[in-house]
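Given the structure of chain A, go ahead and fit chain B onto it with the hints provided.
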Amino acid sequence: MNPLILETVARVVSPLLYVFAAWLFLKGHNSPGGGFIAGLLTAAAIVLTFVARGRETDTWREEAFVTVIGVGLLVAAIVACAPMLLGLPFFTHEFTHVHLPLLGDIELATAALFDLGVYIVVVGNVVTVIRAMTDRES
Amino acid sequence: MPSFAIATLLPFAGAVLLPLLTAPRARAAGVVGSLVAALCLGLILSEAPAMLEGARHVEYPWIPQLGLQFSVLADGLSLLFALLITGVGLIVFTFATAYLGPDENRRRFFVFLLGFMGSMLGVVLSANLIGLFVFWELTSVTSFLLIGFWHERDNSRTGALKALVITASGGLAMFVGLVMIGLIAGSFEIPVILERSAEIAASPWATPAAILLILGIVTKSAQFPFHLWLPTAMEAPTPVSAYLHAATMVKAGLYLAARLGPAMHEVPIWSDALVVIGLFTMTWCSFLALRQSDLKGLLAFSTVSQLGLILSMLAPAQEETTAAGLFHLLNHGVFKGALFLLVGIIEHAAHTRDVTRLGPLRTFMPRSYILLALAALSMAGVPPLGGFISKEMFLEQVLGFHPLLILLAAIGAAMTAGYCFALAIGLAQGRIDADAPEAQALHDPSPALLWGPAVLVVGALALGLAPQLIGGSLIEAATTAAVGEPLHHHVHLALWHGFGLALLLSVFAVGGGLAIYYGQWRRTAPKPPTLTVDRVYFAFLEALEGWSRALTASYMSGLVWRYLQIILGVGIAGIAAVLLTEAWPGFEPWDARPVNLFEVVAAALVAAAGIGTAMARTRLAAILALGASGYGVALLFALLGAPDLALTQIMVETISVALFLAVFVYLPAYPEAERRRLRPLHLAISLVVGFGTVALVALTRGHRVADSISSYFLENSVAAAGGHNVVNVILVDFRGLDTLGEITVLGVAGLACFALIKRSVKPEESA
Numbered sequence: 410m411n412p413l414i415l416e417t418v419a420r421v422v423s424p425l426l427y428v429f430a431a432w433l434f435l436k437g438h439n440s441p442g443g444g445f446i447a448g449l450l451t452a453a454a455i456v457l458t459f460v461a462r463g464r465e466t467d468t469w470r471e472e473a474f475v476t477v478i479g480v481g482l483l484v485a486a487i488v489a490c491a492p493m494l495l496g497l498p499f500f501t502h503e504f505t506h507v508h509l510p511l512l513g514d515i516e517l518a519t520a521a522l523f524d525l526g527v528y529i530v531v532v533g534n535v536v537t538v539i540r541a542m543t544d545r546e547s
Numbered sequence: 077m078p079s080f081a082i083a084t085l086l087p088f089a090g091a092v093l094l095p096l097l098t099a100p101r102a103r104a105a106g107v108v109g110s111l112v113a114a115l116c117l118g119l120i121l122s123e124a125p126a127m128l129e130g131a132r133h134v135e136y137p138w139i140p141q142l143g144l145q146f147s148v149l150a151d152g153l154s155l156l157f158a159l160l161i162t163g164v165g166l167i168v169f170t171f172a173t174a175y176l177g178p179d180e181n182r183r184r185f186f187v188f189l190l191g192f193m194g195s196m197l198g199v200v201l202s203a204n205l206i207g208l209f210v211f212w213e214l215t216s217v218t219s220f221l222l223i224g225f226w227h228e229r230d231n232s233r234t235g236a237l238k239a240l241v242i243t244a245s246g247g248l249a250m251f252v253g254l255v256m257i258g259l260i261a262g263s264f265e266i267p268v269i270l271e272r273s274a275e276i277a278a279s280p281w282a283t284p285a286a287i288l289l290i291l292g293i294v295t296k297s298a299q300f301p302f303h304l305w306l307p308t309a310m311e312a313p314t315p316v317s318a319y320l321h322a323a324t325m326v327k328a329g330l331y332l333a334a335r336l337g338p339a340m341h342e343v344p345i346w347s348d349a350l351v352v353i354g355l356f357t358m359t360w361c362s363f364l365a366l367r368q369s370d371l372k373g374l375l376a377f378s379t380v381s382q383l384g385l386i387l388s389m390l391a392p393a394q395e396e397t398t399a400a401g402l403f404h405l406l407n408h409g410v411f412k413g414a415l416f417l418l419v420g421i422i423e424h425a426a427h428t429r430d431v432t433r434l435g436p437l438r439t440f441m442p443r444s445y446i447l448l449a450l451a452a453l454s455m456a457g458v459p460p461l462g463g464f465i466s467k468e469m470f471l472e473q474v475l476g477f478h479p480l481l482i483l484l485a486a487i488g489a490a491m492t493a494g495y496c497f498a499l500a501i502g503l504a505q506g507r508i509d510a511d512a513p514e515a516q517a518l519h520d521p522s523p524a525l526l527w528g529p530a531v532l533v534v535g536a537l538a539l540g541l542a543p544q545l546i547g548g549s550l551i552e553a554a555t556t557a558a559v560g561e562p563l564h565h566h567v568h569l570a571l572w573h574g575f576g577l578a579l580l581l582s583v584f585a586v587g588g589g590l591a592i593y594y595g596q597w598r599r600t601a602p603k604p605p606t607l608t609v610d611r612v613y614f615a616f617l618e619a620l621e622g623w624s625r626a627l628t629a630s631y632m633s634g635l636v637w638r639y640l641q642i643i644l645g646v647g648i649a650g651i652a653a654v655l656l657t658e659a660w661p662g663f664e665p666w667d668a669r670p671v672n673l674f675e676v677v678a679a680a681l682v683a684a685a686g687i688g689t690a691m692a693r694t695r696l697a698a699i700l701a702l703g704a705s706g707y708g709v710a711l712l713f714a715l716l717g718a719p720d721l722a723l724t725q726i727m728v729e730t731i732s733v734a735l736f737l738a739v740f741v742y743l744p745a746y747p748e749a750e751r752r753r754l755r756p757l758h759l760a761i762s763l764v765v766g767f768g769t770v771a772l773v774a775l776t777r778g779h780r781v782a783d784s785i786s787s788y789f790l791e792n793s794v795a796a797a798g799g800h801n802v803v804n805v806i807l808v809d810f811r812g813l814d815t816l817g818e819i820t821v822l823g824v825a826g827l828a829c830f831a832l833i834k835r836s837v838k839p840e841e842s843a
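Chains as they are written, first to last, in the numbering used here: chain A, 410 to 547; chain B, 77 to 843.
Isolated chain A (complex conformation) (with noise of 0.2 Å):
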């Protein structure tokens, strides 16, 4: 494919991806959607923009998304334990209800903290393995 042609549509795809991502992070814990796919998408975006523009633009540290990793399990991680602090048994989650002006009713949830880090864990997974693979010097 011509790389121009690649490159124009994925400046205008990968933004609409990402926001389709958060849309379906967002949306996921009532309808389809939630981290896992939020972040395979999001990765999907950031390939794309890999493949479009050539590696060279891709100026990110070696282990930049291998510290991804980390930080997502680090969220779960502290989700699932947070309400031992508070003497509520492991993985206890909580949710209530706002309302806001304009945006209406709106779900809280500790599960979607808890969904980040499994968004977070994938976008570092699938970033990290396909950055090893691609990179032309080893």
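For the record, the hints were derived by calculation from the structure and aren't laboratory data. Any given hint might turn out to be false.
[Claimed, not checked] Lysine to aspartate or glutamate pairs mimicking DMTMM-like chemistry, simulated, CA-CA at most 25 Å apart:
1. B/Lys834 to A/Glu503
2. A/Lys436 to B/Glu729
3. B/Lys834 to A/Glu472
4. B/Lys834 to A/Glu465
5. B/Lys834 to A/Asp544
6. A/Lys436 to A/Glu503
7. B/Lys603 to B/Glu729
8. B/Lys603 to B/Asp430
9. B/Lys834 to B/Asp430
10. A/Lys436 to B/Glu818
11. B/Lys603 to B/Glu791
12. A/Lys436 to B/Glu514
13. B/Lys603 to B/Asp230
14. B/Lys834 to A/Asp467
15. A/Lys436 to B/Glu791
16. A/Lys436 to B/Asp814
17. B/Lys834 to B/Glu180
Here the structure is a predicted model, which is why all the values come from computation and not from measurement.
Chain B in isolation, oriented as in the chain A frame:
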């Protein structure tokens, strides 16, 4: 939350936050670490009066459905250890801040060290056996990371691995023992278990459980024949050796022996085995210490030997022996911590730890030398230092043992004194001339390094001069907790114990030590022997690697189709076994809804694409056909009402295609000649797998033995978890623990992939 529980969590919080606060080489990491250690010490001290009064037991639910909780037990025994951990910890943290060079990754060092401190506090404050085990293993892991801190050195990696292999295998044996004890006693809470010593002793499982626990204790505390890991652990930076491998971690085994003593001492093998192992280790390793020329090696064997001494006192769980053991444990933490830090200082100045290459320390490093001599004399058991008192108490108690054990202990004490004099007198002169340039390079360090060991040596002096004032109530409370019942006599610590056999033995030990020093050590250069157990360890490791290499080579052919044959073949065998052994009621058609046209089209697409993949002429065509088959599956999922699965399937297919394209250029040429040939075996396997799966699904649908769990999820999703997407609610809430496990596996797989591809050692580098 009580402050001793906060003290356990604080180091972990510090370890997590440290990377966010400081740069990798920043000195600030040490400052933050020291502050955390100081805060922990303060928290423990603030609880100390209450802990001296009696035990406090607080529970936090962990997984109440499994009877698991994090419960905290704070009594005199915990207090003694917690004070050692935080007190020596604070000194080591500040020492390490000044000790580590500007090029070291200080941040990483202090993250590990904080993690260790939290784990160690967790071990001594846990009131639940499972919680204790978790922290116990965490100390092994952090110790592994700290020994291997200089991971670019071969010796560090070997030492770290050896320590982990030995302590973690011992830990697993101990875990089985702990579970057995918990099941016999009917509870995993330590206070409950301690009250059920009669039931434990009466159980037929008591002896196996005791043996397993002993394995855990002797591996952790590096007792014979597992003493081999401690000397090689000395590859760690010196502050780590002082903290983990002298003052705290190696004492975890002693802690467990003291903690479970009241529950286990009625099991005959418990105290017999531990006393014999302890005293033998004491004597044998004091002999090995005499033969070391490396100062840290000498201290390592000396530590092992001293731990043996303490273990032999703690195992019987009698009040006099326990008091002697615990007081010596306190003394040992103080003088051995100081000795290690001072050896670190000497190494800094002399760039060697070899006693045969050191000049006269008395002339060139007077301050360090005085501190070193005092600490060594405390270990030798010379009055008026703390070590004298506890050594005297030890000898007095040993007199109650079997005559052979008395002899063993007396010889051990004499050899201990021998190597202590080698430090205290031998290093004054040194073995090279004062005029030599190496000797001239020696100098006392800055006060920032010296004050830590100075505080510890003052402590050793104070423990000798005013033992009752400083240690009396602490040792009494710790002994009460370790014996498990009120004491018959008050613990009385005094410098002068009166004339008696113990004093005679003391005099014999010191005299013998002087004789060994002047008669042997002074004249010849010590030559470190190779340990037989070391040879056994490496032979075992080599054999293990050989076996696994042979086993792996037998099936890892590098041919993907071979792997598929194995995997699918095992799958077929499994399905066949179930189908043939179960008594099936026969095929029962379930009330399937009618199939519509779209579904048929989608299924046909999947099948056609699958066949296309197998028949494709080029690899690119095969990849695209495989992708089409995957998208067809996604379409089927969507049509059958599983939108989450469909979305996931689409994403997975997309990324798989991207992965294929990424590695496309690296793949070998597509086997043109082989491609068209029909392979009957492969066709047969494919058909059996395909039809077998369908048959299995059809049969199981008509053969439900339990109600489906889906209705529970459907009913409770909104009410209990506040989510309408049941799939997502199951993932993050109902079965959140599974997901946590899964993303951990995912993360480790990503890390392994990265390490294998990016960090594999290239052949020319490994040479």
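Outcome of the hint check:
| no. | hint | in the structure |
| --- | --- | --- |
| 1 | B/Lys834 to A/Glu503 | violated (41 Å) |
| 2 | A/Lys436 to B/Glu729 | holds (22 Å) |
| 3 | B/Lys834 to A/Glu472 | holds (9 Å) |
| 4 | B/Lys834 to A/Glu465 | holds (17 Å) |
| 5 | B/Lys834 to A/Asp544 | holds (9 Å) |
| 6 | A/Lys436 to A/Glu503 | holds (17 Å) |
| 7 | B/Lys603 to B/Glu729 | violated (65 Å) |
| 8 | B/Lys603 to B/Asp430 | holds (11 Å) |
| 9 | B/Lys834 to B/Asp430 | violated (39 Å) |
| 10 | A/Lys436 to B/Glu818 | holds (22 Å) |
| 11 | B/Lys603 to B/Glu791 | violated (75 Å) |
| 12 | A/Lys436 to B/Glu514 | violated (71 Å) |
| 13 | B/Lys603 to B/Asp230 | holds (23 Å) |
| 14 | B/Lys834 to A/Asp467 | holds (16 Å) |
| 15 | A/Lys436 to B/Glu791 | holds (20 Å) |
| 16 | A/Lys436 to B/Asp814 | holds (22 Å) |
| 17 | B/Lys834 to B/Glu180 | holds (24 Å) |
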